[in-house]
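Asker: Could you put the whole structure together from the sequences, leaning on the hints where they help?
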Amino acid sequence: MTRSALATASRQLGSAQTAARTEARIAWILVLPFLAGAVVFLILPCIGVIAMALSDWQLGDSNIRFAGLQNFIELWRDDIFRQSAANTVFYAALVTPASVILGLWLALLIESSSIGRAFFRSAFFLPVVSTTVAMAIVWEFLLHPSLGPVNALLSAAGLPRQSFLSSASTVLPTLAMIGVWENAGYNMVLFMAGLKAIPRDLHDAAAVDGAHRPWERFWTVTFPLLGPTLVFVVIISFLRSFRVFETVAAITQGGPQRASEVVLFTIYREGFVYFRVGYASALTVAFTALLLTLTIVKFRFLDRRVHYS
Amino acid sequence: MKLLTVSLRFALLCVLAIVFLAPFAYMLAFSLKSASEIFSGSLSLLPSSLDGFVNYSSVLFERPLLLYLMNGAIVCAAILFFQLLFALPCAYAVAKLRFAGRELVLGLVLLGLLIPIQVTALPIYAGFAQLRLLDSYAALVLPFVSSAFAVFLFRQFFRTMPDDLLDAARLDGLGELSIMLRILLPLTLPAATAFGIFSVVSHWNDLFWPLVVIQSPELNTPPLGLIYFRSAEAGDRYGELMAATVVVTVPLVAAFLLAQRRFIEGISLGALKG
Numbered sequence: 001m002t003r004s005a006l007a008t009a010s011r012q013l014g015s016a017q018t019a020a021r022t023e024a025r026i027a028w029i030l031v032l033p034f035l036a037g038a039v040v041f042l043i044l045p046c047i048g049v050i051a052m053a054l055s056d057w058q059l060g061d062s063n064i065r066f067a068g069l070q071n072f073i074e075l076w077r078d079d080i081f082r083q084s085a086a087n088t089v090f091y092a093a094l095v096t097p098a099s100v101i102l103g104l105w106l107a108l109l110i111e112s113s114s115i116g117r118a119f120f121r122s123a124f125f126l127p128v129v130s131t132t133v134a135m136a137i138v139w140e141f142l143l144h145p146s147l148g149p150v151n152a153l154l155s156a157a158g159l160p161r162q163s164f165l166s167s168a169s170t171v172l173p174t175l176a177m178i179g180v181w182e183n184a185g186y187n188m189v190l191f192m193a194g195l196k197a198i199p200r201d202l203h204d205a206a207a208v209d210g211a212h213r214p215w216e217r218f219w220t221v222t223f224p225l226l227g228p229t230l231v232f233v234v235i236i237s238f239l240r241s242f243r244v245f246e247t248v249a250a251i252t253q254g255g256p257q258r259a260s261e262v263v264l265f266t267i268y269r270e271g272f273v274y275f276r277v278g279y280a281s282a283l284t285v286a287f288t289a290l291l292l293t294l295t296i297v298k299f300r301f302l303d304r305r306v307h308y309s
Numbered sequence: 001m002k003l004l005t006v007s008l009r010f011a012l013l014c015v016l017a018i019v020f021l022a023p024f025a026y027m028l029a030f031s032l033k034s035a036s037e038i039f040s041g042s043l044s045l046l047p048s049s050l051d052g053f054v055n056y057s058s059v060l061f062e063r064p065l066l067l068y069l070m071n072g073a074i075v076c077a078a079i080l081f082f083q084l085l086f087a088l089p090c091a092y093a094v095a096k097l098r099f100a101g102r103e104l105v106l107g108l109v110l111l112g113l114l115i116p117i118q119v120t121a122l123p124i125y126a127g128f129a130q131l132r133l134l135d136s137y138a139a140l141v142l143p144f145v146s147s148a149f150a151v152f153l154f155r156q157f158f159r160t161m162p163d164d165l166l167d168a169a170r171l172d173g174l175g176e177l178s179i180m181l182r183i184l185l186p187l188t189l190p191a192a193t194a195f196g197i198f199s200v201v202s203h204w205n206d207l208f209w210p211l212v213v214i215q216s217p218e219l220n221t222p223p224l225g226l227i228y229f230r231s232a233e234a235g236d237r238y239g240e241l242m243a244a245t246v247v248v249t250v251p252l253v254a255a256f257l258l259a260q261r262r263f264i265e266g267i268s269l270g271a272l273k274g
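In the order they appear, the protein sequences are chains A and B.
Sequence positions in the first sequence follow this note's numbering and run 1 to 309.
Sequence positions in the second sequence follow this note's numbering and run 1 to 274.
Please keep in mind that the hints were generated in silico from the structure rather than gathered at the bench.
Here the structure is a predicted model, which is why all the values come from computation and not from measurement.
We put the beta carbon where it would ideally sit given N, CA and C, even for glycine.
All clues given are correct.
To be clear about the criterion: a stretch of chain B counts as covered by chain A if any three or more of its residues have a C-beta under 8 Å from a C-beta of chain A, and this derived list gives those stretches:
1. 3-15
2. 26-39
3. 91-102
4. 113-122
5. 195-207
6. 247-256
7. 262-271
Answerer: Put into structure tokens, the structure is as follows:
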């Protein structure tokens, strides 16, 4: 009796083990294609880019020497890199606050409007869906010194014509303006999702408590509750604007006089035009370190935002 | 008073919408203008004659724009196909099955979420150069087939599905494969659509990677083709250039206007990826 019970138990245990083993085998088969792709196109290249950053390799060069931190030292002393980093930070410092504030403003305006919501939302979102390079070419034409409508308007108003994209002092702010136009709608959509999560009763309660003006209700209720969304959107906008590439590559190529040289464009030119692989890799590693820090901070806030709702 | 603020807000929204849409309006307007009208510097949105239609016939039939669109479609479709093919099974395994390497795969997914293509571009380029894979459709597609973001999304999605449902199916004698194909896949469709929109929009619009790997004009994707077209062919034919930007922008914008909510959903997913 006991013996047969034991036998049954061990048979069950055995079959449970086989089942677990089958499950694990199936799991590995299901995971394998993704895993293989990720090893070849993510893990190995990540190791590769660090190794290359420590070498003096130029593409096509057959002997590669270990260069230690030489590339990073060169990077630190390089005027082009300094200018490029400064330009990128300046660009992001213009685009981030402007596109966040504009996005929030658009979201609040649309939320408080009773007519045409869907239309306005789509109108402001349209630049996000449009091919950046195509719109960059359109903007270049709109701002054309002699043929563009913007300058035609300026001269019709009796103002001097501007060469927005070909003068070193205006090129970055102009690119930033295009960046704001492209990103505001994206931020607006994120804010609209955040606004939706705020219960209506809170506004009513605030109104009962004496916050009669919409402006007061915004500062007492909406803004504090929107806090986590706000931080999240600020980080996203910064990450996005820090990775500016398309408009620069399509319109200015970093010019005039390196006034619109940005980090991703410098990486592209050093690595894929001049083939200075070691140097470009060092640049990439430095750039990634910053991106990673920001992304990790973003995920922290994403967690908090999820807990709020 | 109330009516006043409401109409003020509405007026403000209208002004902002006009500012946001102006570049599109001018893009369309100038794509329909003849060269002489453009050089006269007129501000009117309506073309003065119908001569400008020649811009479109020239862009569509005499220039390789349609080829670029087709390249874009092929590349986006191939990328999305492999992304789904690789990510769906992986996400299912990570979400619903127990196995020793699960944490490892999850760690890899997290790393993949953090690392953009610009970081891995140099080693992949060097590898492709060794294998003589540069300047091909494969070079455009391969680096993107394993999408960590897709695994991440679908895993979240599969985790919300009750295990009871799967157990019931197993009791009914369905194997893991048919559970995936017949039960989970139909339920995944909304998430897959959102991801699909995200993937297609980002790869259709991407300039960086095609610029790096493509040399032959006949392999140009739409953004790369536009840049090539502007520098090599358009010259000062701005009407044609604007027609070309319209042609490249129209497929996604039209799809967006037809399915706005889904598009906004899909694209704002990208916020998770960074």
